[in-house]
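Those protein sequences? They're chains A and B, same order as listed. The numbers in this note's numbering rise by one with no breaks, and the one at position 10 of the first sequence is 10. The numbers in this note's numbering rise by one with no breaks, and the one at position 195 of the second sequence is 1195.
Check each hint, because a few of them may be wrong.
[What the hints assert, rightly or not] Straight-line Cα separation of at most 30 Å, DSSO-like style, residue types lysine-lysine; simulated pairs:
{"no.": "1", "chain 1": "A", "residue 1": "K136", "chain 2": "A", "residue 2": "K78"}
{"no.": "2", "chain 1": "A", "residue 1": "K136", "chain 2": "B", "residue 2": "K1462"}
{"no.": "3", "chain 1": "B", "residue 1": "K1235", "chain 2": "A", "residue 2": "K101"}
{"no.": "4", "chain 1": "A", "residue 1": "K136", "chain 2": "B", "residue 2": "K1235"}
{"no.": "5", "chain 1": "B", "residue 1": "K1641", "chain 2": "A", "residue 2": "K111"}
{"no.": "6", "chain 1": "A", "residue 1": "K111", "chain 2": "A", "residue 2": "K85"}
[What the hints assert, rightly or not] Chain A is nowhere near these chain B residues, computed Cβ spacing over 10 Å in every case:
{"no.": "7", "residue": "T1028"}
{"no.": "8", "residue": "S1040"}
{"no.": "9", "residue": "N1168"}
{"no.": "10", "residue": "A1171"}
{"no.": "11", "residue": "V1172"}
{"no.": "12", "residue": "G1192"}
{"no.": "13", "residue": "V1273"}
{"no.": "14", "residue": "K1285"}
{"no.": "15", "residue": "A1331"}
{"no.": "16", "residue": "L1380"}
{"no.": "17", "residue": "Y1488"}
{"no.": "18", "residue": "D1601"}
{"no.": "19", "residue": "L1611"}
{"no.": "20", "residue": "K1614"}
Bear in mind the hints are in silico, worked out from the structure with no lab data behind them. Think of the CB as a built atom: it goes at the ideal place given N, C-alpha and C, for glycine as much as any other residue.
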Amino acid sequence: MCSNLFRLLLLAGLLIPLHAASNVAANIFDKTVDSFFKEERVSAWGETPEHLQIIQNSQRMVLTKDPANARFLIVARKIPAGIAKDSVVMTTEYLLLEKDKRVVGAFFWQKGRPNLLFLRQRLREADLTLTPEFQKYIEDEQ
Amino acid sequence: MKSRIWLCASLCALLIQTAQGADTTSDTLDDLLSQYRSESDLSRQTKQESAGSLIVYTRERLEKMQAYNLRDILKTIPVFTMQESFTGQVSLAKASGATFNSQFLKLYINDHEVGSIGFGSAMKMWGYLDISYIDHAEIYQVGSSVMAGDEPPGIVVRLYTKDPSRENGGAVQAMGGSRGSYEVGGYYAYKGEDFSTFVYGATHDEDRNDYNSGRSAVPVDRDFDSTNLFASFQKGDFSLEAAQFSLEHDRFLGFGTSRTPLDNRADLLHRYVIANQYFQDRTLKIRLAYDHASHIQNESDPSGIKLFNPDGTLSTYEEWYFDKSEEILDAVIDKRLLLASHDIHLGAQAKHKRVDAHSLLTDGIERIDELSGPDRWNTLSVFFSDDWTLNDYNLIFTNIKYDRYDLNNGGKDFEDYVLRLGHIYNDGTWMWKTFATRTYGYPIYMQTSYFPFVYKSDVNLKNEERMAASTEVSYMTPSSTTNLRILYNTARNAIVLQQNVHLNTDEKPNFYALSASHEYRFTPSHEIHLSAYYGDDDMPMTQSSKAGALVQLFNTFGPVDLFNELVYRSGYHYTTPTALSVDVAEGFDYTAGITYRATPDLNLFLKGENLLNKAIMSPYPTSTYVDYISPFDRTVRFGLKYVF
């Protein structure tokens, strides 16, 4: 049934654009992962189907089903229990960025456009640095 | 001629600049965010390729067009020419034909049809809708998916409001313009953990050029004021929407014999509330909707207004006043089934519609007791649709809808149906769509019910039957989309207006149209849209443009967005039944706009409409003379938008 739905979406003209958006999102996360880790590939966990799609499309992330094994996590509503101490957490929901201090950055929609945001204090506390390309996306926490 | 040469040269220069100065694609974070925004446009989620020949106005395109009013979209639709009726309503004329101001033009806001059951067309008032709260728009020509539409369609305009999960904030916008026009509005969207909400409000005062016919010392006005309120709430699988749109407008030339109105006004108000609840993992939808509209209209013309009496004779009055309201109660149940390679929707709909006349005065005399004919309609419908994937590249779709109308003893009950069949081939590069539709149009209140009016109604009017077919081919690359489209439609028992009498004609018009479009994205910052069409029917009279073209140029230079648009419509000629010659010259409607993004949250904009003052005219013939007036004034608007 999933493959039929896949075909239906393709024919309905939906799937290619959904893939295209997911690919671009993957590129954005690849740059972020590159900047944080500088390793070839990083194990990553995603909370939602959209997150999983991004990780699968990524050149820098390898999907892991166990969040405890992930170096990089993309979450929406909450951070799973038992994650590694040195893992890096980003969210696609601004509310979670506000609520949970363990989240260092967010890729989210606001004001009708996609936004990329990292919080300076949280990066410092997690001993993380980003390359100069990211400087305009780093802000102090309000 | 000089202005046309200047315009062409400027556009060519901009085109060359676009091509030469185009940046090669880089993948900076800003570029990627911009690309992500384009690729994630909500139209990609809502559009239904199987629902008809489709034209999409993405959010980005609407913003760069500086489209603030539905008319900004309507005038660009191919195969149609946007006009205004002589009572000031927005209308569309299909190529070669007369004004298409009928129930076949459907307008939906978030899957809810808005319109007038009394006067048929959504354009009764919604043609003046401000669209600052709209995220994207879709135009479907030749049919729409019956499960998403609750009335037999022809051309469908679907508007989708902004999504709270994408906005998560608010905006205020203020705009001033020529002749003291202004518009002020704002919206706020909130997305919480469990619910989201969106509220919008705007008020618009448009002062337009007066028209001096020379037949009266009093110029003819066509100003309008509107107020638009909208709110939505969503929690889980439940959503609620409420809206109110009010429009006061001058009724323009009006009904008078010499079109010399003293005081013509329409005071229109439409409110609706809709509740949607999904069940069974969002495969079962129940929708309840309630619409209430009030229409108060008055005309005053010293040259006399000829109105039909109940016995079919004509009498002349100087004043006409009509106060009525309309209500619609609507309930839909829609079940989606995914069975093997079939995506099926089946469901039912019950609708109650009523028109209540409160007062009808001619020269101050109440005549409400003379009204007769159907004013209550109960409709029961069942529908079925199936999108069947044959293989990786081919899909066949079938839509069937059966309707039964009960006119509550006001007229003859009837049954009818809508059938659509089609095929889509899509391999990601080539797309080929073909479909055929059989639909119908039932006579509306003003065509069947008697009230003292300038047109003669007939309670025995039959449904008109319409058949349409279309085939189109699209070729898509990462930077371009090319489309070629052929449309055909015909009608039996078409309801027409002849010598001010509504009747079913024996003529069976055959209409053909060919349209082509090409969109090319030089870079994410530079884009051009081109389209052209030719349409004609086999009727003896040509009453609107047969050919048209559209050029839209979108350029971004740093924080500045430029927009240039040229809408062309061909001229035409016909002779009226009283041997009057109507000659409409070809029209060139040039619009240009600049948006300056002063900060990420503050935009300043300047827009000029019909800058050449050469937009196509609409003819308004009477028995002895013809007025020619363009629906578009030469207008400059400026303003700002602040997002927070």
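The hints, checked one at a time:
Between K136/A and K78/A the alpha-carbon distance is near 26 Å, which keeps this suggested pair within the 30 Å criterion. Restraint check: the Cα-Cα separation between K136/A and K1462/B comes to about 67 Å, which exceeds 30 Å; the hinted pair is violated. For the hint linking K1235/B to K101/A, the alpha-carbon distance of about 27 Å falls within 30 Å, and the restraint holds. Restraint check for K136/A and K1235/B: the C-alpha separation of about 35 Å exceeds 30 Å, so the hint is violated.
As the CA atoms of K1641/B and K111/A are separated by approximately 12 Å, the hinted pair is consistent with the 30 Å bound. Pair hint K111/A plus K85/A does not hold up; C-alpha atoms about 34 Å apart against a cutoff of 30 Å. Non-interface call for T1028/B relative to chain A: violated, since the shortest CB-CB distance, roughly 7 Å, does not exceed 10 Å. Look at S1040/B: its CB is around 4 Å from the nearest CB on chain A, not clear of 10 Å, so calling it non-interface is violated.
The claim that N1168/B is not at the interface with chain A is violated, since a C-beta of that chain comes within 10 Å of its own (minimum 4 Å). Against chain A, the non-interface label of A1171/B is violated: not every CB pair exceeds 10 Å, the least being about 7 Å. Consistency note on V1172/B: stated as away from chain A, and its beta-carbon is indeed over 10 Å from all of that chain's, at 12 Å minimum. With a least CB separation of 7 Å from chain A, G1192/B falls inside the 10 Å interface cut-off, contrary to its annotation.
Non-interface call for V1273/B relative to chain A: holds, since the shortest CB-CB distance, roughly 26 Å, exceeds 10 Å. Consistency note on K1285/B: stated as away from chain A, and its beta-carbon is indeed over 10 Å from all of that chain's, at 18 Å minimum. With 10 Å as the threshold on Cβ separation, the claim that A1331/B sits away from chain A holds: the shortest Cβ distance comes to roughly 28 Å. Residue placement check: L1380/B keeps its beta carbon more than 10 Å from all beta carbons of chain A (closest about 30 Å).
With a least beta-carbon separation of about 23 Å from chain A, Y1488/B lies farther than 10 Å from that chain, consistent with its non-interface assignment. With a least beta-carbon separation of about 7 Å from chain A, D1601/B fails to lie farther than 10 Å from that chain, contradicting its non-interface assignment. Even its closest Cβ contact with chain A, about 29 Å, leaves L1611/B beyond 10 Å, as expected for a residue assigned away from the interface. The Cβ of K1614/B sits about 35 Å from the closest Cβ of chain A, beyond the 10 Å cut-off, so the non-interface label holds.
Hint compliance for this structure: hints 2, 4, 6, 7, 8, 9, 10, 12, 18 are not met, and every other hint is.
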